[in-house]
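Undergrad: All chains, full assembly: derive it from the sequences and hints.
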Amino acid sequence: MKKQNMNRDWIATARTLSEALPYLQRFTGAVVVVKFGGNAMGNDEAMAEFARDMVLMRQVGVNPVVVHGGGPMINEMLGKLNIESDWVRGKRVTDKATVEVVEMVLAGMVNKRIVQAINHEGGRGIGISGKDDGLMICDADDPELGFVGRPSEMNVQVVRDLCDAGMIPVIAPIGAGREGNETYNVNGDTAAGAIAGALKADRLLLLTDVAGVKGADGEVVTQLSTQQVRDMIADGTIAGGMIPKTETALKAVEDGVRAVVIQDGRVANACLLELFTEHGAGSMIRNDDPEDG
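Note that the sequence shown covers residues 2 to 294 in my numbering.
If you're looking for bench data, these hints aren't it; they were derived computationally from the structure.
Only a predicted model underlies this, so the values are computations on that prediction, with no experimental measurement involved.
Keep in mind that a hint or two might mislead.
With a Cα cut of at most 30 Å, we get these calculated BS3-like pairs of lysine-lysine [claimed, not checked]: (1) K201 to K215; (2) K215 to K252; (3) K92 to K81; (4) K81 to K201; (5) K113 to K252; (6) K92 to K215; (7) K97 to K201; (8) K92 to K132; (9) K252 to K132; (10) K215 to K132.
Listed next, with one range per pair, are the computed distances between beta-carbon atoms [to be verified]: (11) L25 to D265: 31 to 41 Å; (12) V268 to S86: 26 to 36 Å; (13) G241 to T278: 27 to 37 Å; (14) D96 to R27: 42 to 52 Å; (15) G135 to D218: 40 to 50 Å; (16) A269 to A166: 21 to 31 Å.
The beta-carbon is built from N, C-alpha and C at its ideal position, and this holds for glycine as well.
TA: Below is the structure:
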């Protein structure tokens, strides 16, 4: 008879799976929009881990929708093509030549790399952009910045159809303009928030390179109401690059997302920790009503 030693790690794994049951039941059928970006996109191991998490979520009945960025890859390609950029108030002007490169990199190279990683892990990833089926119609966010877009009309039926078919949509933040030949580059967080709001998603997970929203004491605040976020922006506690992320969260909640979580995407299995464990991960922002979320 073959004997098997009970390894402590195996026991801990079984206990974790058992404790996850109520959370698995809670999120069955839920739509979870995940903004993927940052350092993880340039790391093969981190990419594979993220893909496995998305496939696992889909396997247990969650409907993950991935929205990605790709700023470093865009900068690299612009350099290779010797396309110089103009800047206004510290922001890149996206002219015709630049937006063509942005679309090529985001809707092409980056999007398909994520799709391929998901498929490699046994999922059914499919890549689209905000142009497909009129998903994201944009207006210019600031005329001085050229083809930088602000989502103004959303048609998320294509995303619902893909989820219903058992697929994992991977969306490049490229939108169509109101003219037939207009293409707009949309900030990845902004696109994810707009898509999550239009879907009335249960969760929007913004994966970043920081642990979450920090309070005045420098510690991460795990639960925040929308009013607390507004107060922290007003008094300067929330500053710098965290302001646009929290503003995206506020808009998403206003549009019907049940809760938004800003969390460190560098942490292993960050999405699974947030959805399927008691302690979660990062900073959750939701409506002021404590029962809503």
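Undergrad: Confirm or reject each hint.
TA: Cross-check of the supplied hints:
no. : hint                     : verdict
1   : K201 to K215             : holds, 27 Å
2   : K215 to K252             : holds, 20 Å
3   : K92 to K81               : holds, 20 Å
4   : K81 to K201              : violated, 40 Å
5   : K113 to K252             : holds, 29 Å
6   : K92 to K215              : holds, 26 Å
7   : K97 to K201              : violated, 33 Å
8   : K92 to K132              : holds, 24 Å
9   : K252 to K132             : holds, 22 Å
10  : K215 to K132             : violated, 36 Å
11  : L25 to D265: 31 to 41 Å  : violated, 23 Å
12  : V268 to S86: 26 to 36 Å  : holds, 33 Å
13  : G241 to T278: 27 to 37 Å : holds, 29 Å
14  : D96 to R27: 42 to 52 Å   : holds, 47 Å
15  : G135 to D218: 40 to 50 Å : holds, 46 Å
16  : A269 to A166: 21 to 31 Å : holds, 30 Å
Consistency note: the structure conflicts with the earlier hints numbered 4, 7, 10, 11.
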